[in-house]
Structure formats: C-alpha cells, structure tokens
Amino acid sequence: MENLGALSILLALCLATYSFIASLTGAWKKNAFLVRSAERAALVVWGLVALASGILVNAMVTGDFRLVYAAQYSNLAMPWYYKFAAWWGGQAGSLLLWNFILASYAAVVLLLNRNKHRQIMPYVTAILMSTQILFLVLICFAANPFEVLTVGRGITAVPDGKGLNPLLQYWTMLIHPPILYMGYVGFVVPFAFALASLITKQPGDNWIHTTRRWALVTWLFQTAGVTLGAGWSYSVLGWGGYWIWDPVENASFLPWLTSTAFLHSVMMQEKKGMMKVWNIVLVSATFFLSIFGTFLTRSGIVSSVHAFAQSPVGPYFLTYLALGIVITTWLILDRLEFLKSEVPLESVVSRESSFLFNNLILLASCFAILWGTLFPVISEAVTGEKISVSAPFFNRVNIPIGLFLMFLTGVGPLIAWRRSTWDSLKRAFMFPALGGLIVAAGLMAAGMRHPYALISFALCMFVTLTISSEFYKGSRSIAAKDGIGFLPAMVELTHRNTRRYGGYLIHMGVVICVVGFSGAAFNLNMTSEIGEGQTMNIGRYQLAMKNITFGENDNYVFRRALIEATVDGKQYGLLEPEGRVFKKQNEPYHEVAIIRRLNEDLYLNFANVSADGKKAVIQAYVFPLVTWIWIGFWVMLAGTIVCLIPSKVRLEYARTQVVGVVERNAVQVEK
Amino acid sequence: MNNYIKFGSLVAIVIGSLTWLAVGGIQETQSYFKTLEEVEKMDAKMKTKRLRIGGFIQPGSIERNGAEVKFTITQNERKLNVLYNGSDALPDTFKDGAEALAEGKLENDGVLHASTLSAKCASKYEVKPGGNYQRIDPKKLENKS
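Residue numbers (the working numbering), protein chains in the order written: chain W, -7 to 663; chain D, 17 to 161.
Incorrect hints may appear among the rest.
[Unchecked claim] Covered, in the sense of this in silico footprint (three residues per stretch, anywhere, with C-beta under 8 angstroms from a C-beta of chain D), are these stretches of chain W:
(1) 339 to 350
(2) 374 to 381
[Unchecked claim] Below, simulated DSSO-like cross-link-like pairs (lysine-lysine); rule was C-alpha separation at most 27 angstroms, straight line:
(3) K21(W) / K154(W)
(4) K121(D) / K378(W)
(5) K332(W) / K111(D)
(6) K154(W) / K264(W)
(7) K86(D) / K607(W)
(8) K154(W) / K111(D)
(9) K268(W) / K22(D)
(10) K606(W) / K121(D)
Source of the hints: derived by calculation from the structure; they are not laboratory data.
Glycine is no exception: its CB is placed at the ideal position from the N, C-alpha and C atoms.
Chain W on its own, in the form it takes in the complex (with noise of 0.2 angstroms):
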C-alpha cells in the first residue's frame, strides 16, 4: 500500500508540472484543447492525492507501523480520531495535508470556472499548480510520509507506535490544524486571480468580484484557526496564557493582519477606484506570508516551542518564494498603467483616510512582529552576534497599534467619504465620545489606574455607541416607513446591505475580544505549597485542599487534588486539578481546574509534588474577562456569516474613469 502511496505523490507531482505547462502553452499558443487537458490534469492530482491521504491514514488507524511516519504519531492505544488527526501530526503527514486542501482549492476553483473567465483561467491554473507543485516536492523528496523502518535491506516494523504527544490530544486537535491550513492555503485562489487578472491586463475589479466571498471565507477560517489555537494553548498549558508571541504563533498572525487589511482596502477599489495597486500588493503579501509561515515553523531557523522537527525543506521554500516575488513585483511594476487610481485622496478627516491609516497600521504591525520574529536571523547576519527579543517587545508596539486600530474602528463607519466637516464630525461622534469618556472616568473613580485598560475600556464603548447607533438609526427610519417593529426593521436593514452590517457585526465581535484582552492587565498568579487540610489565597477567593490522591492506570500515572474554593465562605465550586504522566511516552501533562466565569477564571495548576511527596504544588491564576475572547470569537464568526449572505439590495456604484469627477451616491438597483 504504501508503494501505492508514494507512487500516487510522485504521478501527482508529474501531472501538476504537466498541467502547469500546459495551461501556460495552451494560453500563449491560444489553445482551447490544451489548456482544458491542463485543468483535467489538476483534477486528476487532487485524485491522486486524496488517494495518498487515505493511504495514510489507513496506515495511522490500522497501526501499520513498518512506516515511519505511522510508528511516530500513531499508536495502538489512542482512540480512533486521534489516529485520525495523526494525520497532521507530524512534519510529512501535514505536508499531505497542505497538499489535500490546496488540491481540493484548485478542484473546486476549477469547476466553478469551467465555463467561466476562460481568458484568465490558464494562468490561474498554472498559479495554482505551482504551488502545488512546490509541496509535491516537499513530500516526494523531502519528508516523505510513506517512509518505511528498514533494517540493512529489508523493512521491519515496531510493535506499538509512539504515538501522539498527550499535549496533542485533545480535542482541538481534531480541528485545528486543517482550519488554519484551510486559510493559508485559501489565499492562493485570490491571489491566483489578481495575478492572472494583472497578466492578462484584465480591466477593472473583476478579480475582486469573483474572490471576494473566497477571501471572506477563508479570513474566517484563519481568524477561527488562530482562536481555537489560543484557547487551546489556555485550556491545556498549565499557566493560562493565549498568546506569547511565539515564531509560529506570529507566523500564524502575520497573513492575517494582511488579508484584514486586504478585506478592508478592497471595499476602496470597489466604491472608489482607488488603492489598487495596493490590494494587488495586500493580496500577494497575504499569499507569500502565509507560505513564508509554513516555511518558518518547519525550517527551525528560529526556535520554537511547537516546531516541527527540522528537515531539509528550507531550500525549496526559499525558492520558491524567491521566484514567486520577484516574478509578482515585476508584473505589478509592468503593469502599474492598468491600476492607476481613478481619484485622488481629498482630505485628511474623511473615510478614505481612516481605512488608508487602518491599513497603514495593521502593515506596520504586520512588519513590527516580522521583525521581531526574524531578530535573531537578521541580528545574526549583521553583527554576528544572535540577539533574540521576547513577548514584551511585542506587546509595547502592538498595543498601542491595537488601540489605534480601535479607535479607526470606531471612526470609520461615522465619518463622510471625501471630507468631513468640523460641524458634521462634532455630531457623528458627541455621543460616543461622551459615553467613552464616562466609562473611563467611572473606572477611574473605582480605582482602576492602568492606562492601557482605560484607554481600552473606553475606546470599547466608542465604538460599541458607533456601531448601536449605526443600527439604531437605520433600523428606526425603516420601522417608521414600513411600520414595522424596531427587531423586525432591524433584520430588513441587515439584510438590505449585509456586507455592511454584517462587517459591524464583526467589529461588535473584536470589541468583545479587546475587552477579553484587557482583563490580562489584571492578571493574578500564586504559587503555593499546600498539604491536606490547608488553605491559600488569591484574589477574593480562599482555596481549601481537601484531599491529594495518588493513583494510575494503563495509559498514565495520575495524581489529583480536590480544592474547595469559597467566597467570602461561601462555596464557589469545586476543582479537581490533575498531573498526569503518561507512561508511554515518558511525557507530563497537567489537566488543569478551570470554573469559568463571565467576569473571571478561577485556574488552577497541579504543578509538581512538594519535596516530602506530601504537599501538593498549586499555581492558582485568576483571569479576567478571558471568556469574552471566546464571545468576540461567535460574534465575529456570525458576522463573517451575514457579510456572506447575498444583500436584498444590490448596490450599484457609478465611478467614472475622468480623475476629480466623482458620483458620490450609490445607486440602489432593486433585484
């Protein structure tokens, strides 16, 4: 079976060069019957790939463990989805993975195009299958997962793999990593467009029309794949953190700061005419990031907590990156006739400003966490000396970038296309400012001093007062025409223009988060030694140990204790922190106790066994307002899936190509 497998990567890998070549010769030579033999080639790749992938991960679920890969990750006792997830669990099989969805991508792609874009369609296939090609060969020739044991010349097996790590089995597992790997890959269809688009010097934003909802999608899939990593990182750790700026955590971040200011600056192009060399630029960036992620979490040229074991794929990265941006600078630097912007920028206070600065930022972020992330690379090849900088590089620039990115948030949806005036700005945003400002003077007045918190708390309420009143206004006017309730008026105005309200909806989602994030600046940790029958305290609550118990079973060696927390000695809850050490794999793992509140988390650690074998180590945290995170998340998640339903009211922008002339109101076409 598994020279099945290898085959199947290897005719995948010949039929994706074939299908590139084709589709680039059947397009310069003009030939229909080529560049369609080319696209059948990439169907038949993902053929050829979903094949390898089933192979694989039969080999995980049966235990066959004369391959290598199998022997790893997969072993006898784990219950059946986690051989399943073992699948990615390692450098090969996620490869595979990569590899499977880009090849389900471009199938898709392709037979929802088939009669559609034929002009572009060639190059978009030929973007596609290099890609393709570069991870095809990844796994034929640097990490194949169909790799067997072999003694001197012949193949053996072991008799129980190893497994996956414990830390690695929980439930997010199962989807976490084809999330994010679904929005890395995704970005490759609408930079594929925006590139056939700019060969084929197409005219207009045809390549952001088709895209559009493929780049909303798959920014939901990042941003979920994010999320889920960081509440996993919370629930399973041990000390209650979401975020620590690790390299592969800012590889994971860096194509979404890009592809958010994408989906902003697209709406520009769109209603304006304006930033398209820009969006050309956001999309590739997005793109390339998000192969230069998957290049830095499995080259190892910067240490990493969770970094696949290193293997010789750099090079091939390293190219192929090489190539793919001095190919796409040079097209855009060709090509820079086609997107001259139709107007020009009129005033510093006005909405075409507040998205300019939004992007400014968001790239400026984007940039200052490359930065930190390569020092030691970069740091290295300058002065020879390794420098390295730590999380509280990150969080002094990205703060204040987060906060400046609320208050934009906040000011956008307010403030007039073209220009605004003083008297206009002075109504738009009394009310809110006020309401900010009550909320902060309130905190103050309760005793709260830390200056990012407040100005968070009332940057928050800003632009919750931006986004209520936003709905209310609209949703009013409609109640009063149709005569219908303010609910009901609500869901019509939704639905009128759902890209709109479906986009506040998804900022409502990040204001939650950022309240989420600002409890961190009031944080409590503790760590104490106590025995049976004592007590600790943290914050207002008193913890009782009632009992340590010390036991095991086939898979692990376990200890546990059983804390009373009370209140004010009244009982809050009970929690039954665990440490654990599976035997198998000789790994520790900590089920920490979590009561989860709205307004904070009670989290306690079973951390270590005191000297004498009698106390029990307990790091008890209190977190603040973390939950609200994990809401920001739905939130942002319903939002993304109102932007996606098609609006009731199509909006129509008239633009004119004469630069300084402009129709400034939307036409309304009813359907």
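Given chain W, work out where chain D should sit, using these hints.
Coordinates of chain D only, in the frame set by chain W:
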C-alpha cells in the same frame, strides 16, 4: 500639494512613534544567545547583558525550593548552574535530560539568574530506523535559536 504634506506628516508621526516604541522595546528585551564556551571567554561588559543559554538539563540536578528552581545545564562537557525565580510556571517539558533554554543575567556568584525558562517540545524527537528514538545531536544546538 497641501494634502500631500498633511498625509505625509501624519504618516510620518505614526511610523515615527511606532519606530520609537520598537527601538525601545528591542533595547529593553534583547538577549544574546551564547554557548557555554563563549560565556567563559566573555569580557566583563558582555556579562552584564541579558543572556540566553541553551543546553541539556543534567539529570538529577533539579532542586526545587518553593517557586525557586536550581539546576545545571550541560553543553559539550561544560556546565553552568542556573537559578530560576521567574513568575511563570515551569513548562511540562522541563525535566531531567531535556533541552532547555534559560534567559537571564549572569550574577557575580557565577550563577545564571534566569527569569524565563523554556524547554523544547517533545516533537523534536526523531524516530530512527529500527524503532530507537534518538534525540537531536547536542552539537547542533549552537546553530539553533
């Protein structure tokens, strides 16, 4: 033209203040990655900088005393005592023989007073044909970070 100046100066202010924050942040948190061999040869000035030193935890050397942890790291036969008194919990992967990275200052007692400590994740273990599990070569350690 006036508009260009306005936008230009606003952009400059934003970029400028972020650069200022970034430069300050780098100076405050930068730490030098050194091998134990380099530490021995370091001059007095270098010794006042924040250092990042990696190595393997010598089995049996871990001593816990409340939140404080003492241990020895080894690297190519060289040894260094480390005292960890940071606020974060020790990672699960911190145990005898594991690869650890300690960050902190070298004090006059010759002990590295570390404020952060990380231990390499188990996915660094590579399978060897025949089913023996072997750790990465310690000599390679210097080339990583």
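Residues of the stretch 374 to 381 of chain W with Cβ under 8 angstroms from chain D, three needed, outcome: Check passed, 5 qualifying residues.
Within 8 angstroms of chain D (C-beta), three or more residues of the stretch 339 to 350 of chain W: holds (count 5)
27 angstroms Cα cutoff - pair K21(W), K154(W): Violated. K21(W) to K154(W) sits at ~54 angstroms, over the 27 angstroms cutoff.
Hint consistency between K121(D) and K378(W) [alpha-carbon to alpha-carbon, up to 27 angstroms]: Holds: K121(D) and K378(W) sit about 16 angstroms apart, inside 27 angstroms.
Straight-line alpha-carbon gap K154(W) to K111(D), limit 27 angstroms: Given pair K154(W), K111(D) holds - Cα atoms ~19 angstroms apart, limit 27 angstroms.
Distance restraint between K606(W) and K121(D), which requires alpha-carbon spacing of 27 angstroms or less: Roughly 34 angstroms separates the two Cα atoms, so the pair is violated.
Restraint status (C-alpha distance of K332(W) to K111(D) at most 27 angstroms): Roughly 60 angstroms separates the two Cα atoms, so the pair is violated.
Restraint status (C-alpha distance of K268(W) to K22(D) at most 27 angstroms): Holds, at roughly 22 angstroms.
K154(W) paired with K264(W) [C-alpha distance capped at 27 angstroms]: 58 angstroms, violated
Restraint status (C-alpha distance of K86(D) to K607(W) at most 27 angstroms): Status holds; Cα separation ~19 angstroms.
Hints 3, 5, 6 and 10, counting from the list given before, are not met by this structure.
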